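Colleague: Here is what each chain is made of, one letter per residue.
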Amino acid sequence: MKEQTIRKEILALLRANVRDYIMYIALVIIMAFFTWKTNGVFIQARNLSNLINQAGYIAVLAIGMTVILILRHIDLSVGYVAGFSGAIAGILLEQKHINVWLTILIVLLIGLAIGFYQGLLVTRLKVPAFVATLAGMFIFRGLLNISLQSTGTIIITSATFNLLSNGFVPDLPVDLGFHLLTVLVGIAAICCFVVVQVKSRRNRQKYNFQVPSPSVFILKLIGISVIIALIIGVLASYQGIPLTAIIVGVVLMIYHFMLNRTRLGRYIYGIGGNDSAAELSGVNVKAVTLFAFCSMSFLASLAGILYTSRLQSATPTAGLAFEMDAIASSYIGGVAVSGGVGRVTNTLIGALVIMSLTNGMNLLGVDISFQYVVKGIIFIIAVAFDVRTRSK
Amino acid sequence: MDDIILEMQDITKEFPGVRALDRVSFQVKRGEIHCLVGENGAGKSTLMKVLSGVYPYNSYTGSIFYNGEEQRFKGIADSEQKGIAIIYQELALIPELTVYENIFFGHEIMKGRTIDWNETIVQARDMLQKVKLDVDPSIKVKELGVGKQQLVEIAKALSKNVQLLILDEPTAALNEDDSENLLQLIRELSERGVTCIMISHKLKEITAIADTITVLRDGATICSLDCHENQVSEAEIIKHMVGREMDHIYPRRNKHEFGEVQLELKDWTVFDPKKDREILHKCSIQVRKGEIVGIQGLMGAGRTELAMSIFGNSTGYRITGGEMYLGGERRYFRNPRAAIQAGLAYVTEDRKGNGLFLIQDIQYNMSIANLESLCEGVVINENEEIKVANEFKDSMNIKASSIKQKVGNLSGGNQQKVQLAKWMFVKPKVLILDEPTRGIDVGAKYEIYTLMNQLVESGMSIIMISSELPEILGMSDRLYVMSEGTITGELNAEEANEEMIMAMAVSS
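Heads up: the sequence lines are chains B and A, in that order.
Quick note on numbering: our numbering labels position 324 of the first sequence as 324, and the sequence is numbered without any gaps.
To get our numbering, take the position in the second sequence, counting from 1, and add 1000.
It should be emphasised that the hints constitute simulated quantities derived from the structure, not laboratory data.
Any given hint might turn out to be false.
[Claimed, not checked] Cross-link-like lysine-lysine pairs, in silico, DSS-like; alpha carbons within 30 angstroms at most: (1) A:Lys1399 / B:Lys126; (2) B:Lys206 / A:Lys1406; (3) A:Lys1029 / A:Lys1140; (4) A:Lys1387 / B:Lys199; (5) B:Lys126 / A:Lys1274; (6) A:Lys1148 / B:Lys286; (7) A:Lys1275 / B:Lys8; (8) B:Lys206 / A:Lys1275; (9) A:Lys1404 / B:Lys220; (10) A:Lys1387 / B:Lys126; (11) B:Lys8 / A:Lys1202; (12) B:Lys199 / A:Lys1404; (13) B:Lys126 / A:Lys1352; (14) B:Lys199 / A:Lys1160; (15) A:Lys1387 / B:Lys206; (16) A:Lys1399 / A:Lys1239; (17) B:Lys286 / A:Lys1274; (18) B:Lys286 / A:Lys1427; (19) B:Lys286 / A:Lys1352; (20) B:Lys286 / A:Lys1404; (21) A:Lys1130 / B:Lys286; (22) B:Lys220 / A:Lys1387; (23) A:Lys1255 / A:Lys1275; (24) B:Lys220 / A:Lys1406.
What you are looking at is a predicted structure, and each value in this text was computed from that prediction instead of being measured.
Please build the complete structure, drawing on both the sequences and the hints.
Modeller: As structure tokens, then:
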């Protein structure tokens, strides 16, 4: 009898979030497929660390793009803004010999300025975002080429800078045969997660709200803890946590918090759902939209830094088709094509799908042209499925 | 033996968690005007969607007989082919296309493989004549007012050789003149043999026009009244709709003294750059504490424009003259946010268009205009938010499974209550209600009126914009009448009557 009610509750939970779960399952299937096809190479710690380092920039772009898409805008310029930012970083580091941290700061500020300019076009001059950022695509591609015209590709020699997308969090100075700090971080993460969950549950009980039954709650805690432990376990057996993963994690947490717990986040969803109602509810629609474009280009510059660091060079070809991966990640992650709906945590899953596809197909030696076709098909399936489940 | 064109038997339609229709049966005689009434959520629109095939066969149980044959519509195309046309509250015309293109949209007149535009225009003229609409068929639909657009919709239905015309609240957005025209047209159509089913909340027009009235309540048929056998009174319909006697449509308000002037406009003059003309000219009004001030006027008189220009002017009008005083201080608001902070609130007439966030839940919609009060630093205290939303849901008697239900799935009356809750949470000094009871049922209306009374008794000032004369007379303490952007009269509710108001509303 009791078992039945628990099963019922779990089923209800699953049904409420069926789209999310199908996405998780799809990711697992894709990963399992590549693991099988590559005789286990895909799932090895070395490859997974590589995957994160190689493609972390997609996740960063996709998180910013999610906000833009929720607002029913689009930003096509992110690829070349990232490429241009990388070029600036290369010039500042190698030609002007500016300190790494100052370089990063300057590049991020340039990103902010670019976003401000594009945001103004959209909010003040009322140029549709599609057009304003398509123009941006031209402009920043041109600027990227101009800035690297005299030098060609700039090789970056700064070890600190290159560490960003190649390095790992250093270990404590003890040798145990595994990465001790990573394990400690993992344990801390699980503890944090449990404490936060228990606290929020207590808080809700204090307000007399309905909470999941204790057994379901504990099941959920165990389930997610196991997943964290697994990921940490795999990483600890290699070199530990990639720095890129930390950067992506921080960006993700900030945006998740912003969208779910702050007024700004509420306003973003509101504007996406009904902008005139938002305006009449006292929301400064223009300011919020301007913020979204600033945040997008800021993240594009961050992505440019990560990409440049990974290649250890600034090249004129950087930025090609980044926007496609970012937009696809968001939509695969469940951002509604009609706006107003979307979660950055799910966008990260979408980005992982795209990243796994790229990495897996590279391992298999699939031709790049075919890769585009495969990604396109997966993208279409995801969005078609999304539209179907949403219309119910 | 009556000639029955349509019979629906034991129709049951369920949505997840709700039984919208519960064994509903009803019959429509050929050539009659059959009115369908009921509170919001009673199932009228759902029933019509079953009939027209929006909800296809198999998604409901029960059977539909039309012209004596059982029908199993898989979509609107099937029902249209049989001569059933439905005209929704929200018009389905394409504003950027011309009148004739709209009329024949979807069933174009062909000459070989191309559209025969000349024949189309000729036939469109013919259709327009039938609906007595004197416009050039080649102007764009967006140039027409709502009333004329409605006629174009009917012309479109006629062009498909409609036998059974369903109108879902056709007069909800129309002023008195346009409504009267439309009703007259419906009468003529029925004399020519077109059967009409009309959903409406306006009991006055129902009693004037209906041959038969069917009342639905909570998804079930309550009764069908034959209007020719004996006179059906509004009170009788209301009794069936709500299942109890309604003593007063307008609840009594305790007499109380009004306080000082809360909001005042002096010679308020507004220019609309988009229309390139002055839309408000030297409007002066005063609203005191604890007072309900009605603003009446025909559609297009400038009532909503007046409200919008006071409430932060988000439409981009230019205030070219006059002053606004709030609590004795001269003010002007650059955006709705500033207006809200100063103590104004505006419940829009178009709750789906610019009032509510339909894809969001009740909780979201209630808190959005006053998140500041729920914030600790930058973080929203969601538990507190849920508590507040639940309190409003209970105190305003909002019918929903929980505050997590999407507002788009609520009935009109409940949506309106959510809008009101949102603005009550802001605790404004002056509450502007724009058509607060448009398209909602008698029961919910009564609740909203009662709420308005409580609010003014607690010292709030209310400006109520309404097209419905009885409502303005029943609820206001004092009222202004507008016509063509100016205030043409001010009346005390006790001395005013419908004729006086109408006379002012058409003067200029």
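Colleague: Given the proposed pairing of Lys1399 of chain A with Lys1239 of chain A, does the C-alpha separation stay at or below 30 angstroms?
Modeller: 21 angstroms, holds
Colleague: With a cut-off of 30 angstroms on the C-alpha distance, tell me whether Lys8 of chain B and Lys1202 of chain A pass.
Modeller: 46 angstroms, violated
Colleague: Just to be careful, I want the Cα atoms of Lys126 of chain B and Lys1352 of chain A compared with a cutoff of 30 angstroms; is the pair within it?
Modeller: 24 angstroms, holds
Colleague: Between Lys286 of chain B and Lys1427 of chain A, does the CA-CA distance stay at or below 30 angstroms?
Modeller: 26 angstroms, holds
Colleague: Taking only the CA atoms, is the gap from Lys286 of chain B to Lys1352 of chain A under or equal to 30 angstroms?
Modeller: Distance of about 22 angstroms is within 30 angstroms: holds.
Colleague: Does the structure keep Lys206 of chain B and Lys1406 of chain A at a Cα separation of 30 angstroms or less?
Modeller: 26 angstroms, holds
Colleague: Does the alpha-carbon distance linking Lys206 of chain B and Lys1275 of chain A stay inside the 30 angstroms limit?
Modeller: Not OK: Lys206 of chain B and Lys1275 of chain A at ~55 angstroms, beyond 30 angstroms, violated.
Colleague: For a C-alpha distance cap of 30 angstroms, please report whether Lys286 of chain B and Lys1404 of chain A respect it.
Modeller: Given pair Lys286 of chain B, Lys1404 of chain A holds - Cα atoms ~28 angstroms apart, limit 30 angstroms.
Colleague: Tell me if the straight-line CA distance from Lys1387 of chain A to Lys126 of chain B falls inside 30 angstroms.
Modeller: 39 angstroms, violated
Colleague: Hinted pair, alpha-carbon criterion (30 angstroms max): Lys126 of chain B, Lys1274 of chain A. Please report holds or violated.
Modeller: 15 angstroms, holds
Colleague: Run the distance test for Lys1387 of chain A versus Lys199 of chain B: straight-line Cα separation, threshold 30 angstroms.
Modeller: 18 angstroms, holds
Colleague: Holds or violated: are the alpha carbons of Lys1148 of chain A and Lys286 of chain B at most 30 angstroms from each other?
Modeller: Between Lys1148 of chain A and Lys286 of chain B the Cα gap is close to 35 angstroms, so the pair fails against 30 angstroms, i.e. violated.
Against the hints set out earlier in the document, violations occur for numbers 1, 3, 6, 7, 8, 10, 11, 14, 21 and 23.
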